[in-house]
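Chemist: Below, each chain spelled out in residue letters.
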Amino acid sequence: MQFINDFLSGQWNWIVGMLPEAAKPYAMPGLVIFIVLNVTLGACSYLILLERKLSAWMQDRLGPNRVGPMGLLQPVADMLKLLLKEDVIPGHVNKFLFVLAPGISVFTTFLAFAVVPFGPVPKGLTAGDGQFPFIIAPGIDLGVVFIFAIGSLAVYGIILGGWASNNKYSALGCLRASAQVVSYEIPLGMSVVGLALLCGTMSIEKILLFQAERGIYGWNIWYQPLACVIFFIAAMAEAQRLPFDLAECEQELIGGWHTEYSAMKWGLFFLAEYTHVITISFLTSILFFGGWHLPFIAETTSNYSGVWMVKVGVLLAKVSVFIVVIQMLRWTIPRFRFDQLMSLAWLCLIPLAMVNIVMVMVVKQFELNEWWLLPGSAAIFLAAGLMGTQSTKPFARRVAAPIETPGHGGHGHAHAH
Amino acid sequence: MNWSPENGMLLLPLALGWLAVWWLLPREKPRGRILGGLIGVAALLVLQATVLPPAGDLVHDVMFYAFAAAAILCGGLMITDKNPVYAALWFALTTLAVCGLFLLNSAPFLAAATIIVYAGAIVVTFLFVIMLAQQGGIGGYDREAFQPGMASLLSFALLATLLFSLQEWGGIDGKAADEARHGQFVSVPTTVQANLLSQAPESNPREIGSLRVLGRSLFTDYLYAVELAGTVLLVATIGAIAIAPRRSQGHL
Amino acid sequence: MAINAKDVEWVEETPMNFWEATYLPAVFDGLLTTGAHVANNRTVTEQYPEQQPKLPTHYRGVHRLNRDDKGRVKCVACMMCATACPAHCIEIVAQDAPKDDPHWADRDKFPKSFVIDELKCIYCGMCEEACPVDSIELTHIYDLVGLTRQEMMFDKEKLLSVFDQTKDSGIDPIRTHKGKLGHASDFTDLHTLGPATTVRADDRSAKAVSSGVISN
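Protein chains in written order, with the numbering used here: chain G, 1 to 417; chain H, 1 to 252; chain L, 1 to 216.
The following block holds chain G by itself, in its conformation from the complex (with noise of 0.2 Å):
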């Protein structure tokens, strides 16, 4: 491990010393923009090829299998495919907005890895120091406060594709997914007010140091696993993934805000869709499992050569069991219907991450042992069940009775057969 560090920063520091003394400053920003931008482009496309693939497991076919061995060149031939293909621009549209909407998705999904960290942020970290810092923009006090604002920025994406494309289909799939999204958002950043009151922070590398320090006990997710569920399934929502995709399902709702959209402006669409899957995947692993930190592998205290090597492992290991899940479930479970995906988020999980809020409230107010956190959140769960089979009425008996027809009795003696 140790030669694979010193061969490194022998590298880094011939390259830094050629470079002219006012640009010292901005080279290591620089380094991890680049290696966050394209490690996180590359890792899309190849996402979509896992994703191909799995799907194919999951449906006991085969999967893209013909470009490259095992099929892997099939994300360069997609990329073509897209780069190369018809770029349509519709008469009648906005051409301005239209051009502008999928930069703006992608945009504000990139821009939100600025505060994710992706392996061990050094501590006391000051410009210049020549360390790595694992991190985009380190020191952001207000990391997760950060990530919600750009999210909420990403609703301009959908407004402005539906809107600019004149037409009348996609202007009702822009207003659905952007419903969707800004519902969304409140159980999203509610279910983080716990883990901020539980940690006494909002920056994102802080939360994490905070459960290394504890060791595996300390992984948010003892004491916040309902907050855990209720921030996976609205980052899904957020990401428009499925079984929120709405925009996604041609047969029943033409599509959504990008079906005017061909060719790379599509391909950015969903190029921010998946760099929203990663978001999320980073997310989760850093803010309920630990990040970076597993049990006397990469501990806080590590102090072996290269365990900054490890360290990345572990946490892009986490990260891409949490995306694995992601693509299965979309296999998993059906596709929303729009009021379900509303009272979904309404009535189900908006509650919950209040109570959840109320019980750290609780805990932290009466000093109490924050193990209480995990029998009250799965109280909570199991209590929101019991609610659930008393109070839901199934959909069918809510909708209009059948017409009766004279002369066959009502619809109970109907099935004749």
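Quick caveat, the hints were computed from the structure, so don't treat them as lab data. Built from N, CA and C at the ideal position, the CB exists for glycine as well. Each hint should be verified, as a subset may be incorrect.
Stated by the list, open to error - With beta-carbon atoms standing in for the labels, derived distance ranges:
#, chain 1, residue 1, chain 2, residue 2, range
1, L, Trp10, H, Glu28, 57 to 63 Å
2, H, Gly239, L, Leu32, 46 to 52 Å
3, H, Gly239, G, Gln340, 25 to 31 Å
Stated by the list, open to error - One side of the interface only, derived from the structure: several residues of chain G facing chain L at Cβ under 8 Å:
#, residue
4, Met58
5, Met328
6, Gly388
With the hints as your guide, set chains H and L onto chain G.
Modeler: For chains H and L alone, coordinates are given in the frame of chain G:
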């Protein structure tokens, strides 16, 4: 208020700005937008030369002027654009530019919260309403401004009042107030220089903008205001629920 | 046509029990199912160009015109197929059989030209059903390609060559109503199979109260 020559210096950009906005407000017969734009830019330049000297730090200055100019320009475009969808988008950009100013003044939470609440939720709601209500094209009330002269004059009178009182307090022309003046309504923390708008972030201790300090001051100094605002919002929510149709009474 | 009220069955959603109302167990259950397929996937994909598909017996592909035992076109130019065709893609020009030719002694008419527009055709098999002499049939040929529209107009010679090409392939036996029709439908030396369109006794669609609605 004691009249001084400095007060007079503010009148010129205000008058120019009023002229620009009045000229640009939507009319049935379109006017040359270039002329209005030039007057507006002139107003901004005079304002800059009059009251906002550079603070010295190059990066900070550039960012401050960029954000400030963007905020004012987008605000003006929001008022003068005929298309309500564009107006809403200019409003969103204005909000973002103001959030940039917040960030420059070390108030990241305020910036993030403003983005979430205004740019992310309220403007989106505006856009919803505009898109749903204006399927048939731009309405007459968007094509032609209602009493453009009087409206712009009144709003600039309001702006003048604001600027004059700020100047009286000593906040905007780079001359720090030596002691708390008579009629001052905000207590200035000793660590914050009086030159609020063009203040360099490093002179501002990190704690000022932090969440902890903000929360403490909200729930101690401004407790009544917070509670009152909360009550108003609660009443509004109850009212909205009360006037919304019930499922049993009609279609939802 | 409106659906008969007798065909409509109203189903009440069953109320959810406790674990169903919490949703998560069902999600994990579903994940187990999909996960099991990932871990143990039995691929059903056919690698097409290398591996040819096994088509069902009743597959309807490119048409052919059968020859009779003397090698003549079996078609008697009765226009039944052209009449039955919903896509109007068959055009037949009939000609009287030369009376003095002993080769045609048993026939009144034969098609002078017989053209099927394979691009217009919807491959419904009505022509096959209508044919009284088992002459027109749909084969298993599915990879029909052409560079021009003209190329896709199959004339009599082309259709007969399709017959020559497919008669011995084994998957395209000549369907026949042997014994029920005239001597033109009788064969002795070729592999044959019963007609393609028979109503089976367990066909539910044949017993529906109103058309289009299948009840149990």
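Chemist: Now look at each hint and say whether the structure bears it out.
Modeler: Tested hints:
A hinted range of 57 to 63 Å holds for the C-beta pair Trp10(L) and Glu28(H), which are about 60 Å apart. Our hint of 46 to 52 Å for Gly239(H) and Leu32(L) holds, since their Cβ atoms are close to 48 Å apart. The given range of 25 to 31 Å is respected by Gly239(H) and Gln340(G), whose C-beta atoms sit roughly 28 Å from each other. This hint holds: Met58(G) has a C-beta 5 Å from the nearest C-beta of chain L, less than the 8 Å allowed.
Nearest Cβ of chain L to the Cβ of Met328(G): about 5 Å, under the 8 Å cut. The hint holds. Evaluation of the Gly388(G) hint against chain L yields a held restraint, the C-beta minimum of about 3 Å falling below 8 Å.
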